[in-house]
Structure formats: structure tokens, C-alpha cells
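*Asks:* Top line first, the protein sequences correspond to chains U and G.
Taking the numbering used here, the leading residue of the first sequence gets 1, the next gets one more, and so forth.
Taking the numbering used here, the leading residue of the second sequence gets 1, the next gets one more, and so forth.
Calculated directly from the structure, the hints in this document are not laboratory data.
Computed from a prediction, not measured in an experiment: that's the story for all the values here.
Cβ atoms here follow ideal geometry from the backbone N, Cα and C, with glycine treated the same way.
A couple of the hints might just be wrong.
To be verified - Lysine-lysine pairs mimicking DSSO-like chemistry, simulated, CA-CA at most 30 Å apart: (1) 224/U <-> 270/U; (2) 62/G <-> 79/U; (3) 57/G <-> 217/U; (4) 266/U <-> 217/U; (5) 109/G <-> 257/U; (6) 109/G <-> 116/U; (7) 57/G <-> 197/U; (8) 113/U <-> 235/U; (9) 52/G <-> 82/U; (10) 224/U <-> 52/G.
Said to hold, decoys possible - Ranges of calculated distance between the beta carbons of each label pair, as one might list FRET restraints: (11) 50/G <-> 217/U: 27 to 33 Å; (12) 133/G <-> 270/U: 53 to 59 Å; (13) 298/U <-> 124/G: 47 to 53 Å; (14) 61/G <-> 129/U: 30 to 36 Å; (15) 82/U <-> 125/G: 15 to 21 Å; (16) 165/U <-> 62/G: 46 to 52 Å; (17) 129/U <-> 50/G: 51 to 57 Å.
If you want the building blocks of each chain, they are given just below.
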Amino acid sequence: MAVSTIYSTQALNSTHFLTSSSSSKQVFLYRRQPQTNRRFNTLITCAQETIVIGLAADSGCGKSTFMRRLTSVFGGAAKPPKGGNPDSNTLISDTTTVICLDDYHSLDRYGRKEQKVTALDPRANDFDLMYEQVKALKNGVAVEKPIYNHVTGLLDPPELIQPPKILVIEGLHPMFDERVRDLLDFSIYLDISNEVKFAWKIQRDMAERGHSLESIKASIEARKPDFDAFIDPQKQYADAVIEVLPTTLIPDDNEGKVLRVRLIMKEGVKYFSPVYLFDEGSTISWIPCGRKLTCSYPGIKFNYEPDSYFDHEVSVLEMDGQFDRLDELIYVESHLSNLSTKFYGEVTQQMLKHADFPGSNNGTGLFQTIVGLKIRDLYEQLIANKATARAEAKA
Amino acid sequence: MISGSATASHGRVLLPSHRERRPVSTGSNILRFRETVPRQFSLMMVTKATAKYMGTKMREEKLSEMIEEKVKEATEVCEAEEMSEECRVAWDEVEEVSQARADLRIKLKLLNQDPLESFCQENPETDECRIYED
């Protein structure tokens, strides 16, 4: 399952021996050339495959719960790099590394103030560096990535990032630059509607002494022009969009606790087969609560339909309401198809693992978990495909 | 619970109950869970997010102060000229610092991780790594 490429380089000495370094997976082959002055050694590099996932969301790298759900599907908990800068935004698990794109700010907080640009503005970000480093990691080369310190607002000295099996780049602009977009194997856009955003920010900020309802509202309004101009257009490029809207089950609800969540899945994406309900490509409206399953207020409602999104064919799976009990979740899971689970009840088990995370009882947690399983499936298919391609090439 | 809040949050969460255990002959662990979860319950979670190290406590306080300052600043700048570039940048700073504050809260509360944990294991003698006591 390893790709091997052979390079010839100049050598300092020429002795005939073989050494291997397990951490960098490189094998050095030295060959003696007594007759000529030219001495060279042959470098064989065996690299692992790296897939790159892009996740676009407002509020930069605050998606800790989404990331942790994602990484837990692959196994292992994601933690900040050990012993490094405590204000690092990076998360590392056995298989996955999550990079925060705020680290590619070309202007720190003071620079942005001076130049009068927000963090949402592409002028505040170094897309050349982003492209180079993501490309390097994808090709199995470690990089020294800068750190943007959100507490001080300054750019800290870089940290070493080793190429992982799965690289996730999350932030405001993963799909903004075309070159970076082409490096992504899968991309997700988290689209929060204005009402829900307002409700969530109230919950997030009201406990702070500096904030009031007015300040929260003003902050959202002031960021809107840049957000609509630079961030929002990225959703047309995403392979999956998770749209979070206010519920239709409770009239005039403005608390944002019960949510209507839509998983918009692009058709025709390689290695990605959309989840469906009952009959693929048809339009289904489903209320699981009835004789076999009793739900409490406000209940659960599902919708599934084919649609068109920015001139692409998509399938949309929608959940409105919330889960109250475990058997509701497993009942729903047993009726969904194409989940890419490895065993019956895997979605439920993953949701249970993080039962205390926000969104565990509604569509946000459910669809985040499903997207995680889809990414795992994509990774395994990609690896298997590359292995067979190499085997065929050798033959 | 949608996002972290400082003190209490109401939410219906899924947790297996360990009180009733009836033996089930079917294979899957999930089905065993089905038998042990009570019919209906709601859980009010009151978790106190406390820092373990002085460094984290100082960061928390610094971020809270910065939020206050920057909100004041943004309000003043925007009074002068609404929707100017300075106004937008000022509110963007408020957002950045508010999110950083919330992230720290989430890390401490949900994940029970003090961000300085691994740093302090390597450097226990620094000021930042003194244990914080209320």
C-alpha cells in the first residue's frame, strides 16, 4: 500500500549499504563508484496516501465538535500537538490532522486594523502559502506551518506538521482559491441561516460582561457584507452542504434549540454515494413517530428529494425536530440507506460516544456523523483504487 | 444544547442508564442498550468550566476583558460612521475574540482538557503552570 519513487542524488560518501528510517519511511541506497568521480546515492521514498478534506464554516476554527465527531469515526481522539505552542489551533489524532486556515493569515490583527480589512477578506490571507503547504502535505512532505494566535492576535513561530493519512483543512476559505480547491478530495460547507446564527451567538456570548443583545446583533450585521461577498459563494463548490435552519415544527420559535437540518449531497462525485431514504432518487416525506415509535413534542420529520443546487444535481436529506431517546435514533438509522456503516447501529454508537456534544439530539450531530462515515468510505475506496492501479502498472 | 454556555444548559441527551439491566439474548451491544434506557428523560447539565493552570485562568480573564474593550471600541467607531471599513474591522475583532473565549470554554467544559496540559507537563516550573485554586 505504499508508493515508491526513486530519485538519484549527489552523495557525500559512497559506500555500499542499506539503511532505513522508519519515521520518514525512506530507504537510502549507497553505491560505490570507484572508477568515476561521480558519486551518487539512490533515494527511495515510500509515501503513504494522504487525502485532503476541506471544511468551510464561519467563526473560523470553532468547529471543535464537528472535528471531534469526524476524527472519532476514524478512531482515536484528536488532541493539540504535544509540547508545542499551547495556543496552536492544530488537532492531531492517529489518522487525522486538522489544520486551521487562520494560520495562513498574511496580516495579523494589527495589520488588518491598519489595512482596514476583516479576517474574511482574501487580502488578509496568504493563499500561495496555503496552496504550497497543502500540496506538500498531500505529497507526503512535512511542512513548517505558521501559527495564528487567537489570543494575542499575532503570528507565532511555525510548528512542524507531519503528513497524515487524512488532512482536514477547516476555516473560512478552504474552497476560495482554485488551486487549493483542486487539491481537495472532498469538501463540506456548513451553512447556518441568519436566525440560527443569531440564536447561537446569543447563547455563546450573553454570559460575557462585554456583550449585550445589541452588540451581538451589530457584530453579525457588520460582518455580513464581507461574509456574503467572500465566504458564502464557496458553497457552490462543496460536495456536501449542511444547512441549518429554524424548525418548522414549532411556530415562531426563535430559541434555535429545535433545528431543521438539510444535508445537500452532490451527485456524481467520485467515491461518494449519497445517503437516501427508502427509494433513491424519489421524493419521500416521512414522520417516523406513530404506532411503532412514540416521540415526544415536537417530534421528528424527515424529507428526501432530488434537487438542483447552483446548477448541480443534488440529493437532499432533511431532518426537522430532535431525538429524545436512543430507540428513536436507532429506528431512524435502520430506515436510512447508503450510510457507509460497517455494522448495524454504527451511527447510533458514534452519536452515543459524544452524547454530551451540542447537536447530539438533532440533525446537526446526525449529519456530521454521516458525513464522517462517508469520508471514511471515500478514503478506503481511494486507497484500494490506487493500490490496484499500481498493481496493474507493474504487471 | 446547541453551543456551550457558561453555567447551565437544558438539553435532552442520550445516555444509557445503568439502573435496569435485563439479560438480552441478541448479539448486538446496541440492542442491549435498547433494553436499559428509560422511557423518557431530560437532563439539565450544570458543568462548571474551571481552569487547571494559572496560565489558562489568565487567558480566560484576558479574553473576557478584551471582549469588553473591543465592544466599546466598535460601538464608538461605528457611531462616527456606520458601515465604514473601520466599523466592520472593529466588529470582526469582537467576533474573533468572542469565538476564542467560547472555544476555551468548550475545551474546558466539554472536553475536560486544559489547553496548557501537555505544555505544563514539560515545563511545570513556569508561572503559567502554577495550579489554579479558587
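*Asks:* If a hint holds in the structure, say so; if it does not, say that too.
*Replies:* Each hint, compared with the structure:
{"no.": "1", "hint": "224/U <-> 270/U", "verdict": "violated (34 Å)"}
{"no.": "2", "hint": "62/G <-> 79/U", "verdict": "holds (24 Å)"}
{"no.": "3", "hint": "57/G <-> 217/U", "verdict": "holds (28 Å)"}
{"no.": "4", "hint": "266/U <-> 217/U", "verdict": "violated (33 Å)"}
{"no.": "5", "hint": "109/G <-> 257/U", "verdict": "holds (20 Å)"}
{"no.": "6", "hint": "109/G <-> 116/U", "verdict": "violated (35 Å)"}
{"no.": "7", "hint": "57/G <-> 197/U", "verdict": "holds (28 Å)"}
{"no.": "8", "hint": "113/U <-> 235/U", "verdict": "holds (28 Å)"}
{"no.": "9", "hint": "52/G <-> 82/U", "verdict": "holds (17 Å)"}
{"no.": "10", "hint": "224/U <-> 52/G", "verdict": "violated (37 Å)"}
{"no.": "11", "hint": "50/G <-> 217/U: 27 to 33 Å", "verdict": "holds (31 Å)"}
{"no.": "12", "hint": "133/G <-> 270/U: 53 to 59 Å", "verdict": "holds (56 Å)"}
{"no.": "13", "hint": "298/U <-> 124/G: 47 to 53 Å", "verdict": "holds (51 Å)"}
{"no.": "14", "hint": "61/G <-> 129/U: 30 to 36 Å", "verdict": "holds (33 Å)"}
{"no.": "15", "hint": "82/U <-> 125/G: 15 to 21 Å", "verdict": "holds (18 Å)"}
{"no.": "16", "hint": "165/U <-> 62/G: 46 to 52 Å", "verdict": "violated (37 Å)"}
{"no.": "17", "hint": "129/U <-> 50/G: 51 to 57 Å", "verdict": "violated (38 Å)"}
Checked against the numbered hints above, the structure violates hints 1, 4, 6, 10, 16, 17; every other hint is satisfied.
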